[in-house]
Amino acid sequence: MSKDSQMRAAINQKLIEMGERERLKEVLRAKLVECGWKDQLKAHCKDVIREKGLEHVTVEDLVTEVTPKGRALVPDSVKKELLQRIRAFLAQHATL
Amino acid sequence: MKMEEVSMSSLDNSKLEGLAQDILSDLVEDACLGLCFEVHRAVKQGYFFLDDTDQESMRDFEIVDQPGLDVFGQVYNQWKNKECVCPNCSRSIAASRFAPHLEKCLGMGRNSSRIANRRIVTGNNTNNKSESDQEDNDDVNDNDWSYGAEKKAKKRKSDKVPFIFIVKFKSINITHTHISVCI
Ligand SMILES: [Zn+2]
Chain A
1 MSKDSQMRAA
11 INQKLIEMGE
21 RERLKEVLRA
31 KLVECGWKDQ
41 LKAHCKDVIR
51 EKGLEHVTVE
61 DLVTEVTPKG
71 RALVPDSVKK
81 ELLQRIRAFL
91 AQHATL
Chain B
1 MKMEEVSMSS
11 LDNSKLEGLA
21 QDILSDLVED
31 ACLGLCFEVH
41 RAVKQGYFFL
51 DDTDQESMRD
61 FEIVDQPGLD
71 VFGQVYNQWK
81 NKECVCPNCS
91 RSIAASRFAP
101 HLEKCLGMGR
111 NSSRIANRRI
121 VTGNNTNNKS
131 ESDQEDNDDV
141 NDNDWSYGAE
151 KKAKKRKSDK
161 VPFIFIVKFK
171 SINITHTHIS
181 VCI
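Chain order of the listed sequences is A and B. Going left to right, the first sequence walks through residues 1 to 96 as full-length UniProt numbering numbers them. Going left to right, the second sequence walks through residues 1 to 183 as full-length UniProt numbering numbers them.
Be aware that a few hints might be false.
Unchecked claim - To give an idea of the chain B side of the interface with chain A (calculated C-beta under 8 Å), a few residues:
no. : residue
1   : Val28
2   : Phe98
3   : Leu102
4   : Glu103
Stated by the list, open to error - The calculated label-pair distances, taken between Cβ atoms and stated as ranges, are:
no. : chain 1 : residue 1 : chain 2 : residue 2 : range
5   : A       : Asp76     : B       : Asp12     : 23 to 31 Å
6   : B       : Val64     : A       : Glu17     : 48 to 56 Å
7   : B       : Asp26     : A       : Pro75     : 17 to 25 Å
8   : B       : Glu62     : A       : Gly36     : 17 to 25 Å
9   : B       : Asp22     : A       : Glu55     : 36 to 44 Å
10  : B       : Asp22     : A       : Glu26     : 13 to 21 Å
11  : A       : Gly53     : B       : Asp26     : 41 to 49 Å
What the hints assert, rightly or not - Below 20 Å or equal to it, Euclidean Cα-Cα: the simulated EDC-like pairs (lysine to aspartate or glutamate) are:
no. : chain 1 : residue 1 : chain 2 : residue 2
12  : B       : Lys44     : A       : Glu60
13  : A       : Lys38     : B       : Glu38
14  : A       : Lys46     : B       : Glu38
15  : A       : Lys79     : B       : Glu29
16  : A       : Lys31     : B       : Glu38
17  : A       : Lys80     : A       : Glu34
Please keep in mind that the hints were generated in silico from the structure rather than gathered at the bench. No residue lacks a Cβ here, since even glycine has one placed at the ideal position from N, Cα and C.
Starting from the given sequences, assemble the full structure and let the hints guide the process.
Now the structure itself:
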């Protein structure tokens, strides 16, 4: 393991241990509902399901079709807000 | 591995920024996965397309906001001034009071005044033996008003009260009714 990846693993560990990852997840989830991201993606899911067939659609189908779109559709303002929180966490905990 | 190993020296700003971006990316991916699982579950449980209704049928369920109508578009308070005629005493009763009236009028409730009422009509004739007897019989045969008919009949046989007792009890009932009527 390189020093870099060690450092990343340590930070991620800390993020989970401190409960900050859950908090960030919850903030993101709420923001995405609020901005209509979830509705947009659900609409996209409907297209995928209609195409594949209600009986045959798998989680994998949805993940492959939806994730790229999901990433692209996150509004910049939401990204910015989350990044600020993450940076603040890093500043506090990556400087021991 | 301990946090102490992570020192600021190994983290220049660009690396820190890259790390922050990666964390955000992970979070977004989590959100996507979460949505996919949620949708998939909804599909398999059969409720995913439930909210898919056409505009046409949604119009039927729109909330009505007009004066004089309730949210369903029905005339508000349309029963307010309606009156019902009591099948027992033929009086007109406000619809909202009809159920409690009928209960009393037919003598089904605990404030039953039917027997007393009838006595008032026949002229407070509490000491008339034959009439009281008649009424007593009427009560005994009145089983069709209650579901515990058999039980009641048995009970009645067991509590054979001397006649004078019944008369006293009933006259108390009459005064009671009078008071409530006056109020
Ligand atoms: Zn009546």
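Each hint, compared with the structure:
Taking 8 Å as the C-beta contact cut-off toward chain A, the hint placing Val28 of chain B at the interface holds, the least distance being around 6 Å. Among the interface hints, the one on Phe98 of chain B is violated; its C-beta lies about 50 Å from the nearest C-beta in chain A, farther than the 8 Å criterion. At about 53 Å, the closest approach between the beta carbon of Leu102 of chain B and any beta carbon in chain A exceeds 8 Å, and the interface hint on this residue is violated. Of the supplied interface hints, the one on Glu103 of chain B is violated, with its beta-carbon coming no nearer than about 52 Å to a beta-carbon of chain A, more than 8 Å.
Our hint of 23 to 31 Å for Asp76 of chain A and Asp12 of chain B holds, since their Cβ atoms are close to 25 Å apart. With their beta carbons about 55 Å apart, Val64 of chain B and Glu17 of chain A fall inside the hinted range of 48 to 56 Å. Range check, Asp26 of chain B to Pro75 of chain A: Cβ separation about 18 Å, and the 17 to 25 Å hint holds. Evaluation of the 17 to 25 Å hint for Glu62 of chain B and Gly36 of chain A yields a pass: the beta carbon distance comes to about 22 Å.
A C-beta distance of roughly 38 Å is found between Asp22 of chain B and Glu55 of chain A, which places it inside the suggested range of 36 to 44 Å. A hinted range of 13 to 21 Å holds for the C-beta pair Asp22 of chain B and Glu26 of chain A, which are about 19 Å apart. Our hint of 41 to 49 Å for Gly53 of chain A and Asp26 of chain B is violated, since their Cβ atoms are close to 32 Å apart. In summary, the hint linking Lys44 of chain B to Glu60 of chain A is supported, as the alpha carbons are separated by about 14 Å, within the 20 Å threshold.
At most 20 Å may separate the alpha-carbon atoms for a hinted pair to count; Lys38 of chain A and Glu38 of chain B meet this at roughly 11 Å. At most 20 Å may separate the alpha-carbon atoms for a hinted pair to count; Lys46 of chain A and Glu38 of chain B meet this at roughly 13 Å. For the suggested pair Lys79 of chain A and Glu29 of chain B, the alpha carbons sit about 13 Å apart, so the restraint of at most 20 Å is met. Taking the CA atoms of Lys31 of chain A and Glu38 of chain B, the gap is near 17 Å; set against the 20 Å cutoff, the hint holds.
About 16 Å separates the Cα atoms of Lys80 of chain A and Glu34 of chain A, which keeps this hinted pair within 20 Å; it holds.
Going through the hint list in order, the structure does not satisfy hints 2, 3, 4, 11.
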